[in-house]
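Student: Each chain, letter by letter, is given below.
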Amino acid sequence: MPDAELNFIMEELRKVAKQPEDVRPEASVTKELGLDSLAVMNLIMVLEDEYDILIPMDQLADVDTVQDLATLTGTLKAMTKDECA
Amino acid sequence: MGILDKFDAVRGAYNEARANGRDPFGVRFDVIKSPTEGEIDGKSVTLMGTNNYLGLTFQGDCVNAAVDALHGNGTGTTGSRIANGSYGLHVKLEKELARFFGRKHAMTFTTGYQANLGIIGTLAGRDDDLLIDADSHASIYDACKLSGARVTRFRHNSAKDLARRLKHLEGNPGNRIVVVEGIYSMHGDTAPLQEIVAAAKDAGAYVIVDEAHSLGVLGKKGRGLAEAAGVEDDVDFIVGTFSKSLGAIGGYCVSNIENFDVLRVACRPYMFTASLPTSIVASTIEALHQIEKGGHLRERLMRNSHRLYEGLARAGFTMGPEITPVVPVKVDDAETAITFWNGLLQEGLYCNLVLSTATPDGKPLLRCSISAAHSERQIDEAIATFTKIGQALNAIPTPELAAAE
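Protein chains in written order, with the working numbering: chain R, 1 to 85; chain L, 1001 to 1405.
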């Protein structure tokens, strides 16, 4: 289910975005959806809990869009699974 | 696109904050008359938001020591200790700090911000993992960026979440470093340090505690939360500031770790900044002595904290989770908070307006900080002022309305 993370993130973003209807994969999390750094970090914690992963803060430097975040989450999830296996 | 355009959102919020009254982030005092009194536009104001926990800023011995050093050594050092050398007083302060904390080593910085930047940013390297409490001060976040280490936040004050994250990092080649604060600067709560330390030690992690708001405040001897929680031996590094209970400016780190002195030639925020003027160093040494014999100050500080916290809670305000000298009043929205803050200042009471981005849960705060130097009268007047304005703004119930319901 490659889109599972994306759907989950979009749902979470709709709760905190300035305009929930703006939430779409190509939207910029900070510039378009208006999340400040604290809101982004809180969303990260929700994702870490949901998927039992760690998302190091430095990796967020490359995240701009909702899709970027979903891809990063998916990658880290897959890596964590490999470690457990 | 203009170079400052990226701050449009911040500028908008700032303009809103100062649109209906004074600039809460640019208050101008004509004069500060004592640790608890200042003047704005010729009008007397009670200071209840200046982190002057022990009220030592005007203490006679501290002031005299500063004046003597000023006459003896001049106004400034004009460079870093690496380039210009150390003055006798710099070395003396480090010895006194080490003795006070019962540690082998101490190192001072020019600000508390730089102490965190320097220690955290230098100890943690690219292969290491930093685990910081989610409510950490900005200086800790900035230190993380400087370090280049992998950084994870754990849920505020949750040793369980910390343990879970440490488990994830098991087997990583680098060191794991856990950073917490003694008293958190916004909500005034303390870290559950015994549990945090236990989780860290289980995973072989180092522990750094920032005692910025707890030095001179917590612990029988005033050494902070690590002393109060009885875990000093398991805390590898303590960092802190001279700018709160010690009434000056500057920062420090103390530790028992071997080869500590290498930090003096590895830590850039230490190496590439001018050292503290000796007037500051001298008053800090004297203030440290005051802390050592200041059991009565700490008792008075806690009594005052209880008086303010309990008085405001009784009036119906939503308070922080724990009674410490940081006494925050939660307000529902920014507009009310701004009006409230202006009203307080109009009535001669200064506290800090903290808008959502700086608070952990996004709720604005009217943050008070209590001093041992506050009189009971000042505290009771503050409670009365808060209550009057709170009722006028419907932030708390008024007695008449409550009775009518």
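Any given hint might turn out to be false.
Straight-line C-alpha distance at most 27 Å; calculated DSS-like pairs for lysine-lysine [stated by the list, open to error]: (1) L:Lys1006 <-> L:Lys1104; (2) R:Lys18 <-> L:Lys1033; (3) L:Lys1043 <-> R:Lys77; (4) L:Lys1363 <-> L:Lys1160; (5) L:Lys1092 <-> L:Lys1201; (6) L:Lys1330 <-> L:Lys1095; (7) L:Lys1293 <-> L:Lys1092; (8) L:Lys1363 <-> L:Lys1221; (9) L:Lys1033 <-> L:Lys1043; (10) L:Lys1104 <-> L:Lys1220; (11) L:Lys1221 <-> L:Lys1201; (12) R:Lys15 <-> R:Lys31; (13) L:Lys1033 <-> L:Lys1293; (14) L:Lys1006 <-> L:Lys1092; (15) L:Lys1095 <-> L:Lys1006; (16) L:Lys1104 <-> L:Lys1033; (17) L:Lys1006 <-> L:Lys1033; (18) L:Lys1167 <-> R:Lys15; (19) L:Lys1145 <-> L:Lys1167; (20) L:Lys1388 <-> L:Lys1043; (21) R:Lys15 <-> R:Lys77; (22) L:Lys1293 <-> L:Lys1330; (23) L:Lys1095 <-> R:Lys15; (24) R:Lys77 <-> L:Lys1330; (25) L:Lys1104 <-> L:Lys1092; (26) R:Lys31 <-> L:Lys1033; (27) R:Lys18 <-> L:Lys1363; (28) L:Lys1293 <-> R:Lys15; (29) L:Lys1363 <-> R:Lys31; (30) L:Lys1363 <-> R:Lys77; (31) L:Lys1092 <-> R:Lys18; (32) L:Lys1293 <-> L:Lys1221; (33) L:Lys1043 <-> L:Lys1095; (34) R:Lys18 <-> R:Lys31; (35) L:Lys1006 <-> L:Lys1145; (36) L:Lys1145 <-> R:Lys31.
It is worth saying that the hints were derived from the structure and are not from the lab.
Student: Indicate, hint by hint, whether the structure satisfies it.
Tutor: Here is how each hint holds up against the structure:
1. L:Lys1006 <-> L:Lys1104: 46 Å, violated
2. R:Lys18 <-> L:Lys1033: Given pair Lys18 of chain R, Lys1033 of chain L is violated - Cα atoms ~45 Å apart, limit 27 Å.
3. L:Lys1043 <-> R:Lys77: 60 Å, violated
4. L:Lys1363 <-> L:Lys1160: Within the cut-off at roughly 25 Å; holds.
5. L:Lys1092 <-> L:Lys1201: This hinted pair is violated, its Cα atoms lying about 33 Å apart.
6. L:Lys1330 <-> L:Lys1095: Violated - the C-alpha atoms of Lys1095 of chain L and Lys1330 of chain L are around 41 Å apart, more than 27 Å.
7. L:Lys1293 <-> L:Lys1092: 19 Å, holds
8. L:Lys1363 <-> L:Lys1221: Not satisfied, since the Cα-Cα distance of roughly 35 Å exceeds 27 Å.
9. L:Lys1033 <-> L:Lys1043: 12 Å, holds
10. L:Lys1104 <-> L:Lys1220: Holds - the C-alpha atoms of Lys1220 of chain L and Lys1104 of chain L are around 21 Å apart, at most 27 Å.
11. L:Lys1221 <-> L:Lys1201: 25 Å, holds
12. R:Lys15 <-> R:Lys31: The hint holds at about 17 Å.
13. L:Lys1033 <-> L:Lys1293: Measuring from Cα to Cα gives roughly 25 Å; hence the hint holds.
14. L:Lys1006 <-> L:Lys1092: Given pair Lys1006 of chain L, Lys1092 of chain L is violated - Cα atoms ~46 Å apart, limit 27 Å.
15. L:Lys1095 <-> L:Lys1006: Answer violated: Lys1095 of chain L to Lys1006 of chain L is near 46 Å, above 27 Å.
16. L:Lys1104 <-> L:Lys1033: Violated - the C-alpha atoms of Lys1033 of chain L and Lys1104 of chain L are around 39 Å apart, more than 27 Å.
17. L:Lys1006 <-> L:Lys1033: Not OK: Lys1006 of chain L and Lys1033 of chain L at ~40 Å, beyond 27 Å, violated.
18. L:Lys1167 <-> R:Lys15: 30 Å, violated
19. L:Lys1145 <-> L:Lys1167: 23 Å, holds
20. L:Lys1388 <-> L:Lys1043: Holds - the C-alpha atoms of Lys1043 of chain L and Lys1388 of chain L are around 20 Å apart, at most 27 Å.
21. R:Lys15 <-> R:Lys77: 23 Å, holds
22. L:Lys1293 <-> L:Lys1330: 35 Å, violated
23. L:Lys1095 <-> R:Lys15: With a Cα-Cα distance of about 53 Å, the restraint between Lys1095 of chain L and Lys15 of chain R is violated, given a limit of 27 Å.
24. R:Lys77 <-> L:Lys1330: With Cα atoms ~38 Å apart, Lys77 of chain R and Lys1330 of chain L exceed 27 Å; violated.
25. L:Lys1104 <-> L:Lys1092: 14 Å, holds
26. R:Lys31 <-> L:Lys1033: Violated. Lys31 of chain R to Lys1033 of chain L sits at ~45 Å, over the 27 Å cutoff.
27. R:Lys18 <-> L:Lys1363: With Cα atoms ~17 Å apart, Lys18 of chain R and Lys1363 of chain L stay inside 27 Å; holds.
28. L:Lys1293 <-> R:Lys15: 53 Å, violated
29. L:Lys1363 <-> R:Lys31: Given pair Lys1363 of chain L, Lys31 of chain R holds - Cα atoms ~22 Å apart, limit 27 Å.
30. L:Lys1363 <-> R:Lys77: The given pair, whose Cα atoms are some 32 Å apart, is violated under the 27 Å limit.
31. L:Lys1092 <-> R:Lys18: 54 Å, violated
32. L:Lys1293 <-> L:Lys1221: This hinted pair holds, its Cα atoms lying about 8 Å apart.
33. L:Lys1043 <-> L:Lys1095: Measuring from Cα to Cα gives roughly 43 Å; hence the hint is violated.
34. R:Lys18 <-> R:Lys31: With Cα atoms ~11 Å apart, Lys18 of chain R and Lys31 of chain R stay inside 27 Å; holds.
35. L:Lys1006 <-> L:Lys1145: Given that 27 Å is the threshold and the Cα spacing comes to 20 Å, the pair holds.
36. L:Lys1145 <-> R:Lys31: 21 Å, holds
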